[in-house]
Amino acid sequence: MLQLQAVSKRFGDRQVARGLNLQLGQGEVLALLGPSGGGKSTLLKMIAGLEAPDEGRILFAGQDLATVPVEQRGFALMFQDFALFPHLDVLGNVCFGLRERGMARPAAQQQARACLQQLGLGGMEARKVWTLSGGEQQRVALARALVTIPRLLLLDEPFSSLDADLRRQLQQEFRQQLQGTAMPAVLVTHDREEAFALADRVAVLKDGVIVQCASPAQLLAAPATPWLARFIGYENVLEDGVVPEQALQLGQGQPVAEVRRIIQLADGVRVTVASSAGELTLTLSARELQQHAANLQVGGTLAVGIDRSAMLAYSAA
Amino acid sequence: MTERRPNLALALLPLAFLLSMSILPLLRLLQEGQGQFSLGLLADSYLRWRIVWSLLQAVASSVAALLIGLPIAWCLARYRFPGRSLTLRLLMLPFVMPTLVAGMGVLALFGPQGLLGVNLQDTPWLLLYGNLFFNLPLVIRAACEGLAQIPASRLAAARTLGATPWRVFWRVEWPAVRPWLWSALCLVFLYCFSGFGLALLLGGQRYATVEVEIYQLVAYELNLADAGALALLMLLVTGAMATLYAWLERRLAAPLKVDPLPPRAPQGREWLQLLAALGVLLLFGGLPLLAVLWRAGQALLLHGPDVLRDEDIRLALFNSARFTALAVLLAAGLGWLHAMAARGSLALRALAFLPFIVSPVCLAFGLLLLYPQWTASLSLLLATYALLAYPFVARSLASALDSLPAHWPQAARSLGATPLHAFVRVSWPLLQPAFRRGLAFAAATALGEFAVTLFLSRPEWLTLTTLIYQRLGRPGADNAASAMLLSAVLMLLALLAFVLIEWPSAAERQLKKES
Chain A
1 MLQLQAVSKR FGDRQVARGL NLQLGQGEVL ALLGPSGGGK STLLKMIAGL EAPDEGRILF
61 AGQDLATVPV EQRGFALMFQ DFALFPHLDV LGNVCFGLRE RGMARPAAQQ QARACLQQLG
121 LGGMEARKVW TLSGGEQQRV ALARALVTIP RLLLLDEPFS SLDADLRRQL QQEFRQQLQG
181 TAMPAVLVTH DREEAFALAD RVAVLKDGVI VQCASPAQLL AAPATPWLAR FIGYENVLED
241 GVVPEQALQL GQGQPVAEVR RIIQLADGVR VTVASSAGEL TLTLSARELQ QHAANLQVGG
301 TLAVGIDRSA MLAYSAA
Chain B
1 MTERRPNLAL ALLPLAFLLS MSILPLLRLL QEGQGQFSLG LLADSYLRWR IVWSLLQAVA
61 SSVAALLIGL PIAWCLARYR FPGRSLTLRL LMLPFVMPTL VAGMGVLALF GPQGLLGVNL
121 QDTPWLLLYG NLFFNLPLVI RAACEGLAQI PASRLAAART LGATPWRVFW RVEWPAVRPW
181 LWSALCLVFL YCFSGFGLAL LLGGQRYATV EVEIYQLVAY ELNLADAGAL ALLMLLVTGA
241 MATLYAWLER RLAAPLKVDP LPPRAPQGRE WLQLLAALGV LLLFGGLPLL AVLWRAGQAL
301 LLHGPDVLRD EDIRLALFNS ARFTALAVLL AAGLGWLHAM AARGSLALRA LAFLPFIVSP
361 VCLAFGLLLL YPQWTASLSL LLATYALLAY PFVARSLASA LDSLPAHWPQ AARSLGATPL
421 HAFVRVSWPL LQPAFRRGLA FAAATALGEF AVTLFLSRPE WLTLTTLIYQ RLGRPGADNA
481 ASAMLLSAVL MLLALLAFVL IEWPSAAERQ LKKES
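Residue numbers (my numbering), protein chains in the order written: chain A, 1 to 317; chain B, 1 to 515.
Derived by calculation from the structure, the hints in this document are not laboratory data.
Quick reminder that beta carbons are idealized off the backbone N, C-alpha and C, glycines included.
Keep in mind that the hints are not guaranteed to be accurate.
[Claimed, not checked] Pairwise CB distance ranges (calculated):
{"id": "1", "chain 1": "B", "residue 1": "R167", "chain 2": "A", "residue 2": "A107", "range": "13 to 21 Å"}
{"id": "2", "chain 1": "A", "residue 1": "S315", "chain 2": "B", "residue 2": "A265", "range": "36 to 44 Å"}
{"id": "3", "chain 1": "B", "residue 1": "Q273", "chain 2": "A", "residue 2": "I149", "range": "48 to 56 Å"}
{"id": "4", "chain 1": "A", "residue 1": "N21", "chain 2": "B", "residue 2": "A148", "range": "33 to 41 Å"}
{"id": "5", "chain 1": "B", "residue 1": "Q273", "chain 2": "A", "residue 2": "G25", "range": "20 to 28 Å"}
{"id": "6", "chain 1": "A", "residue 1": "Q26", "chain 2": "B", "residue 2": "M92", "range": "37 to 45 Å"}
{"id": "7", "chain 1": "B", "residue 1": "Q205", "chain 2": "A", "residue 2": "Q72", "range": "56 to 64 Å"}
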């Protein structure tokens with residue numbers, strides 16, 4: 001559906017997109033994941049039409065969007081701060097897009113009510129938006145975006161202003177909502193958990209370049225570069241590959257390494273040791289601790305080795 | 001609570017001053033007017049026309065300022081162009097420009113033998129044009145401020161929901177800017193309704209306002225009864241308007257930290273929009289001042305600098321200088337006390353607005369009634385100057401005190417500074433730019449003061465403004481030339497005050513560089 005072809009964008013001397021290519025299929029959710037300042041939000045704004053690319057083309061359903069103004073693209077963009085209109089109540093906010101598309105007021109209100117009901121916001125129609133909690137605001141913003149049945153849903157860090165518990169709950173709800181509609185969506189986030197939980201495919205962006213674009217499982221199984229491996233959460237990133245937890249072997253016969261740091265966890269410990277391959281961090285369950293390192297202490301030793309065959313090689317080596 | 005007591009002690013002096021210099025005179029005026037007020041006043045068709053015209057010109061000026069100001073403000077807020085920040089700064093200029101200078105500028109353009117070849121004297125247009133000179137920038141500034149409070153994401157959200165730029169204006173920007181505009185329009189109405197200098201100079205026989213009528217009744221006809229009744233009416237209308245303004249102002253959301261839409265370079269036809277906006281702004285805000293300069297230059301070429309060499313001018317310059325200096329000195333003290341006292345007290349803060357909104361003619365009239373024994377005393381004149389000037393110092397300092405984080409002086413104290421040292425080394429350097437700004441405003445106010453001076457002055461207290469007015473009323477090219485030259489001098493002095501106000505201090509420049 002959505003196609004980005006060699007899209008480049010520069011702000012002053014900062015290159016935020018360098019010849020990006022991306023594809024998005026029907027009903028697919030794509031996450032743009034990357035550190036802040038990596039050009040994710042700019043890319044989203046270019047898709048929405050709020051910024052124009054310096055070079056390259058953006059197509060939707062085969063149509064070049066270069067000359068299509070924002071309001072005619074039929075994409076809904078949901079903002080990090082939700083951007084609810086403070087002079088309108090909840091119902092007015094949700095009706096906004098429908099009214100702009102020329103729907104008569106009664107019909108728009110009926111549809112907006114139905115959408116609010118569906119998102120668990122029934123009875124809140126007349127509330128002022130600043131009296132809503134963060135989670136309610138998020139849902140109103142989502143309702144406002146979904147009610148217009150956009151051709152593409154764009155989400156800019158939609159959960160980042162919520163606290164952790166609420167975030168997880170709403171992410172789950174959101175995933176269900178989206179699966180129900182088969183609406184394609186592009187999600188910008190700096191949170192890998194969020195990207196993995198919500199997206200079918202994840203494009204990792206760094207300095208305006210897509211380092212890797214793959215499904216969460218593929219990303220975890222074969223990260224493209226050491227930087228990317230670290231960014232998606234691997235601890236033991238060596239020059240020739242990632243050492244996942246299952247590639248670390250304990251017990252007799254393994255080389256002895258010095259213990260550098262110990263962090264107590266509820267059900268075990270997290271140990272960092274200095275091995276011949278470099279620093280390694282591993283999590284020992286209470287059982288393993290009993291079995292292999294009964295009197296573990298900083299400055300002491302732990303026998304730990306690497307199973308080379310279980311290591312993950314970099315796909316972009 | 002321990003902090004409250006010294007604050008009230010500090011407030012005593014400014015409060016006593018406000019009470020004796022504005023509240024009591026106004027009450028005295030109310031009492032005077034009450035005795036005389038009858039509906040018979042309205043039956044007089046001459047006075048009825050004065051009242052109707054006063055209201056009408058204020059409403060017309062407000063509506064025109066809104067219709068012309070809003071599009072200009074939108075262009076200034078949304079388009080990036082060379083000289084943008086200078087233009088935004090220059091919008092402050094009318095705040096320090098004496099009414100007489102503006103009036104002279106309007107006359108130089110559209111008066112008899114005006115530069116533009118159309119004589120609009122004895123039509124309503126002169127006064128409306130003069131009103132817009134002062135009030136259009138006020139509306140533009142308010143609208144720009146309102147537009148800057150709209151987060152860019154809100155505008156973008158509306159666009160992605162299908163709204164065209166024009167629809168975004170109506171459905172998102174206009175509702176957000178509206179509260180700012182209403183409160184600005186209240187002020188515009190208030191200033192136009194109770195303005196004196198412009199109406200006196202530009203209104204002529206037919207289009208003078210109630211304020212001018214009060215002045216004429218008191219000064220020339222000694223008809224205190226009718227003047228009192230009219231003043232009562234003025235007080236009621238301005239009081240109602242000021243209350244409405246205060247109410248609207250309170251409803252304005254406290255400025256939040258938002259990411260406003262950054263201005264962008266105009267493209268294609270947008271350049272035409274921008275140029276038209278700047279052109280209209282220049283027509284209303286710049287042309288009168290340029291006309292004064294032009295005419296003064298002509299006068300200088302024609303008559304030579306000797307026109308300025310006479311006894312009266314020397315006296316007026318001397319008086320203006322010493323009155324301004326003394327008024328600024330008084331304003332500094334009162335303003336400082338008021339600002340320190342007003343910390344944390346909304347009521348005290350609001351009181352500092354009182355001298356801004358009360359009509360100077362009513363004030364002077366009330367003072368004359370209340371203190372008849374002091375009518376010819378210099379101290380009353382100076383005290384009135386101080387009254388009109390000190391709120392600028394108080395407000396400027398109060399907002400600087402607000403933005404001064406309490407933990408900075410505390411940090412200084414914990415590093416071993418005595419309270420005095422903490423003040424001298426931390427607080428004062430941070431407050432000093434605001435103080436200087438307040439003083440410059442105060443100086444400009446005292447320098448350009450006209451209404452009260454006309455009421456309370458004696459011939460030997462001739463100031464620049466009263467001299468200009470005198471010369472304007474006398475026949476002869478020499479008098480006209482020197483009036484214009486003196487206006488130019490007054491304007492340059494106001495410009496100097498403006499530069500002092502707007503020129504960022506070294507510390508502010510540093511801050512700007514870092515941010």
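Comparing the hints with the structure gives:
1. B/R167 x A/A107: 13 to 21 Å: holds, 19 Å
2. A/S315 x B/A265: 36 to 44 Å: At roughly 43 Å between Cβ atoms, B/A265 and A/S315 fall inside 36 to 44 Å, so the hint holds.
3. B/Q273 x A/I149: 48 to 56 Å: Cβ of B/Q273 to Cβ of A/I149: about 35 Å, so the range 48 to 56 Å is violated.
4. A/N21 x B/A148: 33 to 41 Å: holds, 38 Å
5. B/Q273 x A/G25: 20 to 28 Å: Distance hint for B/Q273, A/G25 is violated at roughly 42 Å.
6. A/Q26 x B/M92: 37 to 45 Å: The hinted range 37 to 45 Å is violated for A/Q26 and B/M92, with Cβ atoms some 57 Å apart.
7. B/Q205 x A/Q72: 56 to 64 Å: Given range 56 to 64 Å: holds, Cβ gap about 59 Å.
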